[in-house]
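**Q** Chain by chain, the residues:
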Amino acid sequence: MKMKFRLVSLSAPIVALIISFGLSSLILLFIGKNPYETFQIMFEYGIRGKSIVSIINRSIPLYISAIAVAVGFKMGLFNIGVEGQYLMGSLIAAYIGAQFSIITPLHILFIIIIAVATSSMWAAIAGYLKVEKGIHEVISTIMLNYIGTGLIAYSLKTFFDEPNSNYDLPRTTELPETGKMPSLNKFFNIEDLQDLHGFLAIAVLVGIFYYWLVWKTTLGFDLRITGSNPIAAKFSGINPNRLIVIAMITSGGFAGLVGLAPLLGYFHRYTIDFPTGLGFAGIGVALLGRNHPFGMAIGALLFAFLQRSAQILDLNDVPKEIEQMMQAFILLIVVVFYEVIRRFIVKQQIKDASKSTDKK
Amino acid sequence: MKIIFKSLTKRYMVFMPVLLVLVVAQVETYSQLTTSGTFGAAVRLAIPILLAGLGGLYSEKTGVVNIGLEGMMIMGTWFGAWGGYTFGAWQGVFIGMLGGALFGLIHAIATVSFQVDHIVSGVAINILAAGVARFLNVIAYKGVPYASSTASPRIQGDIGIFTMPFLAGGKIGETDTFNLLGSLENLDFFLVSDFAGLLLGFVSNISYLTLFALALVPVSILVLWFTPLGLQMRSVGEYPAGSESLGVNVYLMKYIGVTISGALSGLAGSYLVVAGTGTYLEGQTGGRGFIGLASMLFGNYKPFGVLMGSGLFGFADALQLRSPKAVHGLLIIAAVFLLILTIKAFFEKKYKVSAVSFLLSSALFIWFMNSTTIPNEFVYFTPHITTLIVLSFANQRIKLPEKLAVPYKKGELN
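Protein sequences, first through last, are from chains C and V.
So the mapping is simple: the working numbering equals the position in the first sequence, first residue as 1, plus 129.
So the mapping is simple: the working numbering equals the position in the second sequence, first residue as 1, plus 18.
If you're looking for bench data, these hints aren't it; they were derived computationally from the structure.
Hints may be right or wrong, so weigh each one.
Stated by the list, open to error - Taking beta-carbon pairs under 8 angstroms as the criterion, some of the chain C residues facing chain V (in silico):
hint: 1; residue: L136
hint: 2; residue: I268
hint: 3; residue: A282
To be verified - Per the computed footprint, the stretches of chain C lying under chain V, defined by three or more beta-carbons under 8 angstroms from a beta-carbon of chain V, are:
hint: 4; stretch: 403-415
hint: 5; stretch: 443-452
hint: 6; stretch: 457-465
Glycine included, each C-beta is placed from N, C-alpha and C at the ideal position.
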């Protein structure tokens with residue numbers, strides 16, 4: 130019985146995908162491009178070996194960011210501040226990580242701990258503001274994003290700038306060799322392609338950890354029960370305020386890992402052009418994947434695929450920004466369809482239940 | 019002494035910062051705090067926040083949370099600029115409103131008809147708007163000079179500005195009139211000149227669009243509290259099942275509320291373009307939709323309160339734009355305010371609060387003494403940190419609509 134409903138819920142993202150491709154086709158037709166050809170070009174480009182490595186690399190931070198958002202979503206808490214949290218964590222981790230050198234695993238572990246600690250402290254502010262001052266987390270985290278951006282720009286210039294650097298924009302010192310994450314190319318035997326970020330392994334672990342945390346621990350149970358029925362949760366003895374702060378800190382902790390994939394795998398330092406926007410993209414992936422570790426992995430890969438395969442479009446005189454619009458369409462349509470299907474399932478369950486009582 | 023501080027109830031505490039601003043503004047370095055120029059800029063910057071806040075009000079009064087204000091505002095900036103470039107400034111404003119209203123409608127369809135979680139839908143709207151604006155900007159201005167993927171070309175024409183005759187020296191026909199407030203401001207009298215500056219900001223060189231936006235405050239009070247439509251809209255936010263039993267079309271009211279909300283946010287966005295930059299720039303809304311939401315909370319769901327809240331945020335924004343030096347003056351204001359809080363909390367036996375605010379106060383004071391300006395990067399987030407601080411103090415007394423964010427299904431009794 131449960132399996133049947135699972136299959137029905139799976140139809141939502143598929144329907145959303147079809148509709149968004151339809152909408153995008155209409156738009157392409159409107160601007161005078163052949164949608165079939167466009168999607169064909171995108172697809173062919175997207176499945177090249179180089180593209181696949183790039184897609185996986187892109188999907189790693191997206192996935193972790195989605196997990197950070199999902200921890201909050203599970204209890205109905207909207208951490209829109211993953212953006213500011215991961216940038217903050219990456220900056221501090223990049224700075225401190227460059228100050229010393231120990232053996233690689235320990236060095237990377239240390240950097241991870243610093244990033245997680247910084248990001249979760251930054252996220253805790255929003256938790257505090259919600260619990261003590263009643264400020265909705267959406268507003269506070271958005272404001273904290275702007276404040277964080279300012280603080281980062283200032284402290285990068287003033288405190289963390291590379292000493293005696295001949296580079297005219299502020300940036301931190303490069304991580305020593307021991308602080309760089311080795312690539313996985315040897316492992317997969319693809320040494321002719323560009324680096325496959327080693328952080329992939331950590332992303333997989335993070336996914337498993339997230340599953341364990343949310344579905345196999347008491348904290349996860351509390352999160353889920355608060356999310357689905359806050360009143361019942363309160364009566365079962367869960368302290369909602371304490372949980373809000375814990376959820377915010379946990380979410381921020383995951384957020385700390387988001388920036389580490391590009392930091393340890395590619396940039397090796399915090400610069401002005403460090404990738405931004407991963408936090409917001411993660412919200413979309415979490416909504417698409419319904420906070421499920423596997424669903425979000427698919428979602429992250431899908432969005433990464435769209436991003437990468439759209440790169441070829443400019444060469445074919447189609448604006449590559451169509452990809453951002455497709456992502457947004459998918460997102461909006463999928464949330465509508467999830468709701469439609471949720472209602473359908475509830476109705477079915479009531480019907481089934483009344484049927485079985487009728488028989489008796 | 020004790021009685022004095024006890025009498026400093028919340029109501030009066032609100033006026034403390036105002037008084038402090040006035041005192042600090044007497045110092046030459048910080049005189050920019052209360053000049054008509056600063057207030058003029060504050061009005062200009064407050065209007066988009068006011069409009070977004072009013073937009074939030076219409077939506078939330080009917081029980082629909084609108085986190086998508088920011089996205090609707092983005093649509094307003096893009097469509098406003100496109101309309102302004104293609105047809106002219108006023109047409110741009112109208113088209114910007116339509117763009118916002120369209121996204122309001124999408125939010126209404128998702129939240130009212132499909133009962134999607136309001137915040138999920140709002141977040142999706144924000145992401146959608148950013149993507150759509152980017153895409154439209156790329157396809158609309160192909161090969162147009164001065165346009166790029168993130169900026170539009172300049173709009174045609176302008177809205178026109180207005181200066182009140184006699185009070186601010188506006189013209190009647192071709193003749194200049196007396197500038198009463200201007201001369202009062204130049205006198206440098208304590209309080210009198212500061213208030214003259216404040217008033218001058220409202221009546222001198224203001225865009226007609228600003229007048230229009232300010233007029234929407236009393237209009238909103240009229241519509242929401244003194245018309246049958248307004249009563250129906252508010253009742254839907256408080257007790258939808260009851261409204262329906264009295265024959266109110268709950269869905270229609272919610273649709274109207276959310277669509278008006280979108281139109282007002284769109285207007286807010288097009289104001290940024292038409293009365294501000296003159297072009298669409300990606301990211302120019304800069305979280306003002308959310309600040310609008312904050313000003314609505316600050317204003318306790320009342321149009322006049324929204325005006326006050328947006329004025330406050332506009333003032334913070336104006337300071338950061340016009341005079342980073344004056345922002346430095348805010349440090350000492352905050353320090354003194356916190357010191358007063360320290361003493362107040364001490365007499366109320368809240369020792370923890372007292373200690374924390376004393377520490378913060380001293381930190382700010384030391385910072386103030388050891389610097390002459392605030393770094394640009396900090397100045398940039400003045401409005402955002404103001405939002406958080408203001409909400410921290412204002413949030414306890416808010417009266418939310420009873421059924422805010424609760425999905426309503428026709429015929430349901432809840």
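**Q** Which of the stated hints cannot be reconciled with the structure, identified by number in ascending sequence?
**A** Number 1 - this is the single hint that the structure violates.
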